[in-house]
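Participant: In case you want the letters, here they are:
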Amino acid sequence: MSVDLSKTSIRGYKSGRSFAYRALWLVVEALVMLNPVVTPYRLKRWVLRRFGARVGRGVLIKPNVHVKYPWHLVVGDNVWIGERAWIDNFVSVRIGSNAVISQGAYLCTGNHDWSDPGMGLMVKPIKIDPGAWVGAFSQIGPGVTVGTNAVVTLGSVLLKDAQPNGIYTGNPATLVGHRTIRDLPGPAGVPGREQHLGPPA
Amino acid sequence: MSVDLSKTSIRGYKSGRSFAYRALWLVVEALVMLNPVVTPYRLKRWVLRRFGARVGRGVLIKPNVHVKYPWHLVVGDNVWIGERAWIDNFVSVRIGSNAVISQGAYLCTGNHDWSDPGMGLMVKPIKIDPGAWVGAFSQIGPGVTVGTNAVVTLGSVLLKDAQPNGIYTGNPATLVGHRTIRDLPGPAGVPGREQHLGPPA
Amino acid sequence: MSVDLSKTSIRGYKSGRSFAYRALWLVVEALVMLNPVVTPYRLKRWVLRRFGARVGRGVLIKPNVHVKYPWHLVVGDNVWIGERAWIDNFVSVRIGSNAVISQGAYLCTGNHDWSDPGMGLMVKPIKIDPGAWVGAFSQIGPGVTVGTNAVVTLGSVLLKDAQPNGIYTGNPATLVGHRTIRDLPGPAGVPGREQHLGPPA
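Taken in sequence, the protein lines are chains A, B and C. Note that the first sequence covers residues 1 to 201 in my numbering. Note that the second sequence covers residues 1 to 201 in my numbering. Note that the third sequence covers residues 1 to 201 in my numbering.
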C-alpha cells in the first residue's frame, strides 16, 4: 500500500474548543506570548488561565513561548518556561511544580500512525514531573513522562520515559547519570550565593 | 592554510532571480507565510505558485513556514508542511505527493567546502519521495534523498539517503526499522476512524 | 532534597547593564535584528557596536539573529552569522575572525546547578576560534571552546571543547575527522570558482 493523505483521519480527535475560540487564542497568543518584546509574567499567566490553563503561583514565562491549546495545559508552582519553548499540546501537558522547561525546548504530543495509509492522527499526553528539568532545545516525544527531578540535557531528544533523578543525554537520549540534590543551599564561598533574586532576566 | 572569508566564492551559483524579485519575496513571505496568525492554505499555495513553485492539489501549509526560493520548489499533491518548517532551498527541493514535512523540520541544500580557505559555496538538491515523512524538528542534509514512504523520526539528523520504507532515528540518523503500511483503512473499533476531516488545525 | 525554585539564586551574576538599557536593547533588537525583512549588514554592525559589542570588519549578519547581550559579544573580521542563529550570551562570547556561525545555531552560556535545590545560575563563556565553523542548527554548550578551524556539522550538539581542525558530528558530538585546508584557491574547472561575490544573499 502507498500513503494517501487525502484519506487521512483525525480519528475522532477533538481539540476541545470551537474554531472561533482557537482563532481567538492565536491572536491573543501572537500579541501576548509571541511578542518579542517582554510582556509581564503576570499578564501571561492571566491570559493562559483565561484560556483554560491551570497555572500555579510564581510561574515565569519568557518571551516567545508557544502554547498550542492552553486548555490542555496544567502548570504547577514556581515553574520556569524558557524563551522560544513550544508546548505543542493537542492533549494534556502537565508540568509539575518547580520544573523547568528551558529555552527552545519542544514538547510534542502529536504523532501519526505510519502504518496507516492516511497517517491517522495519534495523540498522547506528556507529563513533566515536579523538579524535572527539560533542557534547552531538547525535545520530548508523545506519551513521555519525565520523572521527578530528572534532567534532559541541552539538545537531547527523549523518546521514552525518564526515570526520577535520571540524567538523559543524546539523540535518542539515554540515561547517563543520576542527579543528587544537596540539602544545603550550596558550598560556602560561592559569590553571591545568598542572594535570592530569581532567575536572570 | 587558514580560512579567509574575504576570499570566499559562490562558485558561479545563481539564485535564479534578480535582487528586487528576491526582496519582494521576502516581503510577501513575511506577510503571508511567516505571519503567526493563520492565513488560508489556498492563499499560500497561490503565492508560492506566483513566485514560481510548482504546488499540487490539497497541499496544506501551516503557519510560519519559511521557503528560501519558491522558484526552486516542487511539491506534489496532498503534501503537509508543518508549522515553522524551513525549506532552505538554494537549489531544487522536490517533495513528492503524500509526503509530510512536519513542524520545525529543516531542509538544508547549502554547504561550504571546508577544504577551501574561502569556504566556497556548495549546493545540492534534496528530494523527499512520495509518502515519506520528515518528522518534527528533523534535519535533512544537502544532496539527501528520503526514499518513498521512508520515515525520519522526531529531531533526527539525516545526512545520507534514506532507503524506501526505512525508519531513521538519531543524530546522525541510522536505519532502525522498516515501515509497513496496512492496506485496510485501520483496525475496527478505533473511535472516529471513519471520519475524514483532514489533519488537525 | 527536592527542587524549590522559589529559593533560586543568580549567585551574584550581573548582566552588566541596567534594566532600562536591556529593555532598550530588546526593542532595538526586535526592530533591527529580528525583523524578517532584511536590514543592512552595516546597520546591524553599527547597532551591535552602539550596544557595546566589538565587531570587526566585513561581518555579515543575516536576518533574525538573536543576541542576548551585545556588550558581552566580541566578533572578529569577516565573520558570518547565519539566519536565526541565537547567541545566548549571559557572559562573554568571542567569535574569532573568519569563523562561521550558521543558520539556526545556538550558543548557550547559561546553565543551572542541578545539585542545588534552587537550580542556581551558572554561566560560562564560549569561544569560537578563528576559522571555525559552527554548522547550521548545531548547539554549543556553556564553557566550550571550538578550536581554530574546527567544524561542528549540521545539527550536532557540542558539549566539550573541539580541538583545532577537528570535525565533530552527532549528539553529543564526537570527533569524526580532521579538516585540511588547501593552499590553492581550488581545483581548476570548478565553474565560477574565480568569482568572489561573497556568500549568497
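Any given hint could be a false lead.
Note: identical chains are not told apart, hence a pair may lie in one copy or across any two.
In silico lysine-lysine, DSBU-like type, Cα no more than 30 Å apart, as pairs [claimed, not checked]:
| id | residue 1 | residue 2 |
| --- | --- | --- |
| 1 | Lys14 | Lys127 |
| 2 | Lys160 | Lys62 |
| 3 | Lys62 | Lys124 |
Treat the hints as calculated values from the structure; they're not laboratory data. None of these values were measured; they are calculated from a predicted model.
Participant: Of all the hints given earlier, name the ones this structure violates by number, lowest first.
Facilitator: none
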